[in-house]
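Engineer: Order-wise, the sequence lines are chains V and A. Note that the first sequence covers residues 0 to 319 in numbering that gives the first Met the number 0. Note that the second sequence covers residues 0 to 423 in numbering that gives the first Met the number 0.
These are calculated hints, taken from the structure and not from any lab test. Just to be clear, a hint being listed does not mean it is correct.
Only part of the chain A face toward chain V is listed, based on derived beta-carbon distances under 8 Å [said to hold, decoys possible]:
| no. | residue |
| --- | --- |
| 1 | Ile7 |
| 2 | Glu13 |
| 3 | Arg14 |
| 4 | Arg18 |
| 5 | Arg218 |
| 6 | Val222 |
| 7 | Leu223 |
| 8 | Ser225 |
| 9 | Ser226 |
| 10 | Leu227 |
| 11 | Arg228 |
| 12 | Asn325 |
| 13 | Leu413 |
| 14 | Glu415 |
Distance windows between CB atoms, simulated [claimed, not checked]:
| no. | chain 1 | residue 1 | chain 2 | residue 2 | range |
| --- | --- | --- | --- | --- | --- |
| 15 | A | Ser316 | V | Glu264 | 23 to 29 Å |
| 16 | A | Ser316 | V | Glu19 | 29 to 35 Å |
| 17 | V | Gly123 | A | Val336 | 45 to 51 Å |
| 18 | A | Val326 | V | Gly125 | 45 to 51 Å |
| 19 | V | Glu19 | A | Phe34 | 30 to 36 Å |
| 20 | V | Lys253 | A | Ser316 | 54 to 60 Å |
| 21 | A | Gly252 | V | Asp166 | 32 to 38 Å |
| 22 | V | Arg69 | A | Ser316 | 42 to 48 Å |
| 23 | V | Gly123 | A | Phe34 | 37 to 43 Å |
Residues from chain V that face chain A, not an exhaustive set, calculated with beta carbons under 8 Å [claimed, not checked]:
| no. | residue |
| --- | --- |
| 24 | Ser75 |
| 25 | Arg77 |
| 26 | Tyr80 |
| 27 | Tyr88 |
| 28 | Val168 |
| 29 | Glu235 |
| 30 | Ala281 |
Each residue gets a CB set at the ideal place from its N, CA and C atoms; glycine is no exception.
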Amino acid sequence: MTAEHTVLLEGVTKRFGDHEAVRELSLLVPRGSIYGLLGPNGAGKTTTLRMIMNIIVPDDGTITMFGLPRTGRDLSERIGYMPEERGLYRKMKVRDLLVFLAETKGMARNAARIEAGQWLERLGLGEWQDKKVDALSKGMQQKVQFISTVLHRPALIILDEAFAGLDPVNAQVVKDTVVRLAREGTTILFSTHIMEQAEKLCTAVCIIARGRKVVDGPLGEVRRAHGGRHVVVAVEQGVGSAERVLRDRSLIAKTDEYGQYAELELAPGADAQRVLAALLEAGARVTRFEIAEPTLHKIFIDNVGAEAASVPAHQGDARG
Amino acid sequence: MAKIWVVIRREFVERVRTRWFIISTVLGPLLMIAFVAVPLLLARKGAEERVIVVVDATSAGFGRRLAGTLDQAAPLRATWLPTPVTQIEAASDSLALLIGAKALDGFVIVSDEAVDDGRIEYRGSNVSSPRDMQILSALIEEAVFTERLGRAGVDAGVVRQAKIPLQLRTFKVAGARTTASSGEGSFILAYVIWLLLYMGILLYGVNVMGSVVEEKSTRIVEVLISSLRPFELLAGKILGVGGVGLFQFAIWGVCGAALVDRRELLLRLLGQSVTGGAMPAFPEVPLATVIVFLLFFLLGYFLYAAMFAAVGAMTGSEAEARQAANVVVMLLVLPSVLMIGILNDPDGTLAITLSLVPFTSPIAMPVRWAAAEVPLRELGASLGFLGMALVAVTWVAGRIYRVGILMYGKRPGLGELARWVRTA
């Protein structure tokens, strides 16, 4: 557990027949990070996570976990994996089921019994522990599913489309728990196609499209690398007073005026600081000057184009 | 590998707890008794009484004696109707009316010549029943036989003496030792063994398939194989369900042995007299037979469970799986269809072949073993072939399982399956 990177992928490729689901993907998940694997449906997220879990084997490349040349299943006592397709044994009692799943991950039976009870209490399912899964509502089953993922105190939690299909209350519970676990030092790797969600949670991201990496790194770096081209400006007496500066095509490529303020897109090679200086020189009294960070969504669209954000037609059945 | 135990325990405990297990454990033996006893009872007791008339055109009173003989026999009520030869057709017509009105089942016409040339006529509504005709002709034959001896001047006492029926008692010789088992007893034992093996392998095999389909259709399988190797999951499942089968057999075995031990007490409680002869013949079950039974049950169950698991893995729903499983079930049904052939000639070519071929041997070999003396080298060869088939089938089934449990969508064709086996 001393490795700096909890998960390390190098040149990983996976083909299904003629379809290349993942191509030469390299990424690293720093220890203790909340890492978002982002991309539209069919981008190869699930395939990537399944390869990390050793459910399917890559055709090429290497996967290193916790600094060890082994993959998910061998280290299942350290990993909590919640697949996109979820299910439980419907006829089992809730606590028995949790104990069984924890045992398959190498947790001792007694410890599992105790902690399952505690988790069920914590998430408001204390009264249901001796009921059959069948008797639970869909939302309760989702909580049970989540408990089964974290019960054995994994050092790495992998959530495939964790929030898809969760009702808002449970989504909140899961988010709060994930954040708490991350604060306690657990590494979180989750996939989502909802960029706004990743923006709020992640410390690092990797965006993939059609099986290929578009961009990755710590969230701040990714934004900085793709940002700084947009400036929001407001001046006293309206932006009209700074008209001469805003028309200067050597500084500003595009202006989007809103009356009270304007959104500027800097010209290639232009520096935001020079725009500010020019405004002051022109005698404008600047009340707001903000270098806007681009959203992940915008970064994604800018890099792969809107067309790539849609699902490719030949997407395989279980190969998302 | 310790994780296999976790899977075995879950499969075992979750099944033994179900109502299905309790009901099948209690009802199983009752059904079994019904299966064995009903055909025997039917064969022995037969249907209702037949009402017949003896149209007697003889002069020496043979018709009257025949009517008496027939009337004494349990399934018949016979009335004597003396008729002049000239009136036979008229009597026949009116009796036919009675048969039409279902007041009568049939009538026998005897004349003086009948005793000499053995030509006797029976007209009735039940002539197509082989059983009825067999009884009737045996009784008439006996009466004619007695009559002929009497005419030949043989003393009536001598005839009575000669008619004491033969009782053939049969004992099975096993391992050069005469056992207490009667022939009927070892037939029943073979029958019970067949029923247990067939039902056991089929029910528990289908159970494994259901379990695979459940895990696949609820999608819990992906969580499971993120911490278990597919083989661990499959092996644990098969062993756990098989454990339930052995547990159930053990319950039946212990209860059955206890009942047989106390059968005198039980019969007395049921108000039956317990004289030595009235004691029902219970087949002796030697330890070797129990071992052969368990060995073939386990190997046969493993073989079929692996195939059923593969079928479950390549389909998506219980209904679809049951349909696809028909091919596997056919293999299992084959020795059952040919059971009578095996029992009639346990050392014949058919019996020997079926008990050596791996897919039929799990049922055919123990049945043969119970019915006749099987050379040890044949038993060994049968086990050897079964073992080899088990390894090969498990290898293929394991690969289909591994790929299949993560595949959704339409059922794969044979070519697709072959690709799974190659690439898994």
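Engineer: Indicate, hint by hint, whether the structure satisfies it.
Structural biologist: Cross-check of the supplied hints:
1. Ile7: 11 Å, violated
2. Glu13: Holds, about 6 Å.
3. Arg14: Interface hint status for Arg14/A: violated (10 Å vs cutoff 8 Å).
4. Arg18: Constraint on Arg18/A not satisfied, violated at 11 Å.
5. Arg218: 4 Å, holds
6. Val222: Because about 6 Å separates Val222/A from the closest Cβ in chain V, which is inside the 8 Å limit, the hint holds.
7. Leu223: 7 Å, holds
8. Ser225: With Cβ-Cβ at 4 Å, under 8 Å, it holds.
9. Ser226: 4 Å, holds
10. Leu227: 5 Å, holds
11. Arg228: Nearest chain V Cβ about 7 Å off; hint holds.
12. Asn325: Asn325/A check fails; min Cβ-Cβ to chain V is 25 Å, beyond 8 Å.
13. Leu413: 18 Å, violated
14. Glu415: 11 Å, violated
15. Ser316/A - Glu264/V: 23 to 29 Å: 55 Å, violated
16. Ser316/A - Glu19/V: 29 to 35 Å: 31 Å, holds
17. Gly123/V - Val336/A: 45 to 51 Å: 58 Å, violated
18. Val326/A - Gly125/V: 45 to 51 Å: 49 Å, holds
19. Glu19/V - Phe34/A: 30 to 36 Å: 59 Å Cβ-Cβ, so the 30 to 36 Å window is violated.
20. Lys253/V - Ser316/A: 54 to 60 Å: 56 Å, holds
21. Gly252/A - Asp166/V: 32 to 38 Å: Violated, since Gly252/A and Asp166/V (Cβ atoms, about 52 Å apart) do not stay within the stated range.
22. Arg69/V - Ser316/A: 42 to 48 Å: 36 Å, violated
23. Gly123/V - Phe34/A: 37 to 43 Å: Violated: the Cβ-Cβ distance is about 53 Å, outside 37 to 43 Å.
24. Ser75: 4 Å, holds
25. Arg77: Check failed: Cβ of Arg77/V comes no nearer than 11 Å to chain A, outside 8 Å.
26. Tyr80: The hint holds - Tyr80/V has a Cβ within 8 Å of chain A, the shortest such distance being about 4 Å.
27. Tyr88: 6 Å, holds
28. Val168: 23 Å, violated
29. Glu235: 60 Å, violated
30. Ala281: Interface hint status for Ala281/V: violated (62 Å vs cutoff 8 Å).
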